[in-house]
Amino acid sequence: DVKVTQSSRYLVKRTGEKVFLECVQDMDHENMFWYRQDPGLGLRLIYFSYDVKMKEKGDIPEGYSVSREKKERFSLILESASTNQTSMYLCASSLPDSDTEAFFGQGTRLTVV
Amino acid sequence: GENVEQHPSTLSVQEGDSAVIKCTYSDSASNYFPWYKQELGKRPQLIIDIRSNVGEKKDQRIAVTLNKTAKHFSLHITETQPEDSAVYFCAASMGGSASKIIFGSGTRLSIRP
Chain A
14 DVKVTQSSRY LVKRTGEKVF LECVQDMDHE NMFWYRQDPG LGLRLIYFSY
64 DVKMKEKGDI PEGYSVSREK KERFSLILES ASTNQTSMYL CASSLPDSDT
114 EAFFGQGTRL TVV
Chain B
34 GENVEQHPST LSVQEGDSAV IKCTYSDSAS NYFPWYKQEL GKRPQLIIDI
84 RSNVGEKKDQ RIAVTLNKTA KHFSLHITET QPEDSAVYFC AASMGGSASK
134 IIFGSGTRLS IRP
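Respectively, the protein sequence lines represent chains A and B.
Everything in the first sequence is counted per the working numbering, starting at 14 for the first residue and increasing by one.
Everything in the second sequence is counted per the working numbering, starting at 34 for the first residue and increasing by one.
Since the hints were derived computationally from the structure, they do not count as laboratory data.
The C-beta atom is built at its ideal place from N, Cα and C for all residues, glycine as well.
Heads up, some of the hints might be wrong.
To be verified - A few chain A residues that face chain B, going by a derived Cβ cut-off under 10 Å, partial list only:
hint	residue
1	Gly29
2	Phe33
3	Asp41
4	Asn44
5	Gln50
6	Gly53
7	Leu56
8	Arg57
9	Val65
10	Gly76
11	Ser80
12	Leu103
13	Glu114
14	Gly118
Chain B on its own, in the form it takes in the complex (with noise of 0.2 Å):
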């Protein structure tokens, strides 16, 4: 099946830095790449995907992006605030309607004023 590998697991950053996170997937059939944040006592929320058609999207000061001959995709946060300080989850999902969502193991990220 699918494995999802996050790196790195915590990150401290100064305020006003880039962060970049960084997942690889196993599954050439995933189609689909999700992230989502989770700040401290919430339940996770996705801030952006990108599908396997597509090599980078951005919205903001967030952007992923996307290689599918190396399996890998990254998430990138430019002009960092305390309000990015959270848990940030990579997934992977494949086509059809009976697919799992699979996560890698989250990333804790501080961002230091």
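Bound conformation, chain A alone (with noise of 0.2 Å):
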């Protein structure tokens, strides 16, 4: 059974903190994945990342930065939070070929006052 988990379920930081969001994931997938969810505007992809080492700009990639240091770890940071950061964070894995499932963690959901 998949598993991908997110090192907490519920954050507040203040503004201009620095905000490290942990992934991991117990299946050797070679891809991983950050998306914020926000009301109406769906799943936005941030970044993603396809190798160790390797990472990708998504289409919201401003104000983040990732690092993948291990396969099974995808680190989401926040260099200078924000309260237009304040949303649901998604870690999502997959296997290498692009036409299979993507498995999510279960979010963290990010206040920024």
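Reconstruct the complex from the two isolated chains, following the hints.
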């Protein structure tokens, strides 16, 4: 059974703080993704990684960076958190082929105050 | 890059009736089109998918159709039941291992008893 685990379910941070969101998957998947989910906007891709140390920008990378030092772990970093980054963040992983299922983590609800 | 548009944003149907959700995509190179269901407070999960070499796929009460020429695909749910109430997301992905999965904005489906 595939498991994608995000380190926190809820997080409250102050404006200007550096924030780390962690995601770990246990199925040896090559591809990992970070999305943010906002009402009416769906799931918007922030960054994805198709291999260790490899990353590509998604549609909304501004204000974010990522790190993938190990295959099973993909971290999303908010360099200087702002209130407009308050959102639900979802991590996902999948096998390397384009036509395979993506498995999602449970989500992290981040509030920046 | 790929852009996926999804309609309607909300849909309310009588229990037992059918529901249809439509999506269009912009990049003709996309060749995989999954649909995800997200129940309240839960993570998105794959319910059905279709590849570009297939025009229609059915799994019990749900079916997906694809029109490559028009670049649109649709989800059909027949004999709707209360447990079908959820947010549904369509997505599109291209070939290759370093392939993004781009999602639509979501449809909130409500089933009226």
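- prompt: So which of those numbered hints doesn't the model satisfy?
  reply: 1, 2, 3, 9, 10, 11
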